[in-house]
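Peer 1: Got chain A; can you put chain B on it based on the hints?
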Amino acid sequence: MALDLREATGGERDPATAGGYAEPPERVGFFTDTSVCIGCKACEVACKEWNAVPEDGLLFTGMSYDNTGSLGADSWRHVAFIEQPRRLGRQETHLAPTELPPDLLRSAGGRTAVSLGLPASAPPDGHVAAAADMDFRWLMSSDVCKHCTHAACLDVCPTGALFRTEFGTVVVQEDVCNGCGYCVPACPYGVIDKRPSNGLVSKCTLCYDRLSVGQEPACAKSCPTDSIQFGELAELRERAAGRVRDLHDAGVTSARLYGADPQDGVGGAGAFFLLLDEPEVYGLPPDPVVTTRDLPAMWRRAGLAAVGLLVALAAVTIPGARR
Amino acid sequence: MSHTDVRLDTSVELPVERDALIGSAGRPERRQRGERLMVSKAEFRSYYGQPVLKSPPWQAPDIAGYLFLGGLAGASSTLAAAAELTGRPRLARGLKAGAAVAIAGSLYSLVHDLGRPERFLHMLRVVKVTSPMSIGSWLLAGYGPLAMLAAGSAVTGRLPRLGRLGTLGAGVAGPAVAAYTAALISDTAVPVWHEAHAELPIVFVGSAAASAGALGLLVAPDREAGPARRAALLGAVTELATAHRMERRLGMVGEPLRRGLGGALLRASHVLMAGGALALSLPVRNRVLTRAGAVAMIAGSICLRFGIFHAGVASARDPKYTVTPQRERLEARAESRRRRP
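Just so you know, the sequences run in chain order A and B.
For the first sequence, position 158 matches number 158 in the UniProt record's numbering, and the numbering has no gaps at all.
For the second sequence, position 97 matches number 97 in the UniProt record's numbering, and the numbering has no gaps at all.
One chain only, chain A, in its complex shape (with noise of 0.2 Å):
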């Protein structure tokens, strides 16, 4: 039998039983689906204010309208904007309100475009045939902490200060960090990171005090559309999964799940993300890896190292008895 010192053991065990819950509920997470995301940015400003999480710098990037930059200790959801030269599934860039196609007609089931005032998207004359060839289209994705079924943050903590909820969720004690960082670049998504006004490290704990009375996160609550989603994990999945399905038929080719499958090298994440692009284009991983998967083998070196270097001092000394 192989040694697996990772926290969860095998691929299908639910990461709170293995955490050594009897009887969790049911495992929780986020579905982000990135496709429904206009970039309001309520869940960063959700996340802040029910977290008390401090300010981390009121800067101009450059990058689009992200101005949050990256996951980190003070930001706990990040939304990311890509512009690209491209088309978003069978996209009509000349769309205005007044002429919709038949088929989003149909679909809309009768009900009608009703005017809210807003500016239309069309230039000031009303002539919007200027546009009608343009390939663009703007991704918008919220990232958070994925949760892991496997956590490599929760691996190599060595104060014990992250640990895993009933929930399935993986949470920092502040009380217990001792700011060692060692968890830091332990992440394979860089979500982790240290708070510099008190040294120790905080991320996303999924609103754990509001699961515990039964509600839901507060990004996930002021989502305006329920580009966050949350619930248990395996329903997510299957609502995803019929999601990709309903965009491809769309034309929406490029629409695919991330860190949905439970077999990937984090065993699946908590909270997983509908993207439209490559995950690297979100600044994700392509394929990430719990860092401990490889630990028995770098003890099994380092062991063999010791010996060696044991070995290896006794032996110069022995010759030399003569010297």
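There could be a bad hint or two in this list.
Said to hold, decoys possible - In silico EDC-like pairs for lysine to aspartate or glutamate, Cα to Cα no more than 16 Å straight-line:
{"no.": "1", "chain 1": "B", "residue 1": "320", "chain 2": "A", "residue 2": "278"}
{"no.": "2", "chain 1": "B", "residue 1": "320", "chain 2": "A", "residue 2": "287"}
{"no.": "3", "chain 1": "A", "residue 1": "48", "chain 2": "A", "residue 2": "278"}
{"no.": "4", "chain 1": "A", "residue 1": "221", "chain 2": "A", "residue 2": "49"}
{"no.": "5", "chain 1": "A", "residue 1": "221", "chain 2": "A", "residue 2": "44"}
{"no.": "6", "chain 1": "A", "residue 1": "48", "chain 2": "A", "residue 2": "83"}
No lab work stands behind these hints, which were simulated from the structure alone.
Small disclaimer: the values here were computed from a predicted structure and weren't measured.
Peer 2: Here is chain B on its own, set in the frame of chain A:
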């Protein structure tokens, strides 16, 4: 590199507003309906060139310094125990004192990294085999007092029995202290450190043996220095050969070991280590030459740890080293699936 063009016209005279590594292909040559797949295979894509990983939040003097001092202390304790058992008291005493100073320096570095001394105690709440830092903390908690005991007894001449116990205990625990640091940095997502996990322990113990041997040559009289010289030479050869193999095997991921600050430090390390070894292996025994060689080896051992540290940080900062190997892995997997349907 690809451009993001957010304009309604296709005029080429207008300057491109932004030059960002978003990864998508540039302006299309021909119009077509629906989505285009525009991923060229060789292209490396990222989110505005931002790193995927977070760099280790460690200061080089603290952690790279600790990697060196831990190795020096561990190997010195073992060589000291062996020297004592084979009747070389002055070599043993010098090495024990060196080990005690080095381990004290290690503890200072680690506490300085944590920020507050009492935070180290949090390390001793749990024992976790999945965390090399947890195992290392317990190793240090056991090894440190033993090394101090051995040195204290050897220097003052008091408590010889306890001193002997400390000498033997630290001698047995020493190699573990020297070797575990490789697992410590390999057990991260940092591309260079993780991918080097097969060779790194051998490189580190080789370097540790070289530095301990060199220390022995500096502290022992000539008639007791034989084992120190042999340990230094064996360590240097092991380190140089294994590091060479590691740098070649890693290929593209190993680039930071050849470039930038990490690469420069590693080149310096190899020159110092090889030069030191050459000086020590000459048939003429010259005191100045021996000391110069020993100092070069210690400097080489320091440069090795700082070089590996900086190369690792550089590999975490550049998304190329995270994305490209993973993308290749995915493509290889897809390829093997295509071959056997």
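Peer 1: Evaluate each hint against the coordinates.
Peer 2: Results of checking the hints against the structure:
1. For a cut-off of 16 Å, the pair hint linking residue 320 of chain B to residue 278 of chain A stands: about 14 Å separates their Cα positions.
2. With a C-alpha separation of about 13 Å, the suggested pairing of residue 320 of chain B with residue 287 of chain A holds against the 16 Å cut-off.
3. Between the alpha carbons of residue 48 of chain A and residue 278 of chain A the distance comes to roughly 28 Å, so the proposed pair goes past 16 Å and is violated.
4. Distance hint between residue 221 of chain A and residue 49 of chain A is fulfilled; the C-alpha atoms sit about 13 Å from each other, no more than 16 Å.
5. Distance check on the hinted pair: residue 221 of chain A and residue 44 of chain A sit about 12 Å apart at the alpha-carbon level, within 16 Å; holds.
6. Between residue 48 of chain A and residue 83 of chain A the alpha-carbon distance is near 26 Å, which puts this suggested pair outside the 16 Å criterion.
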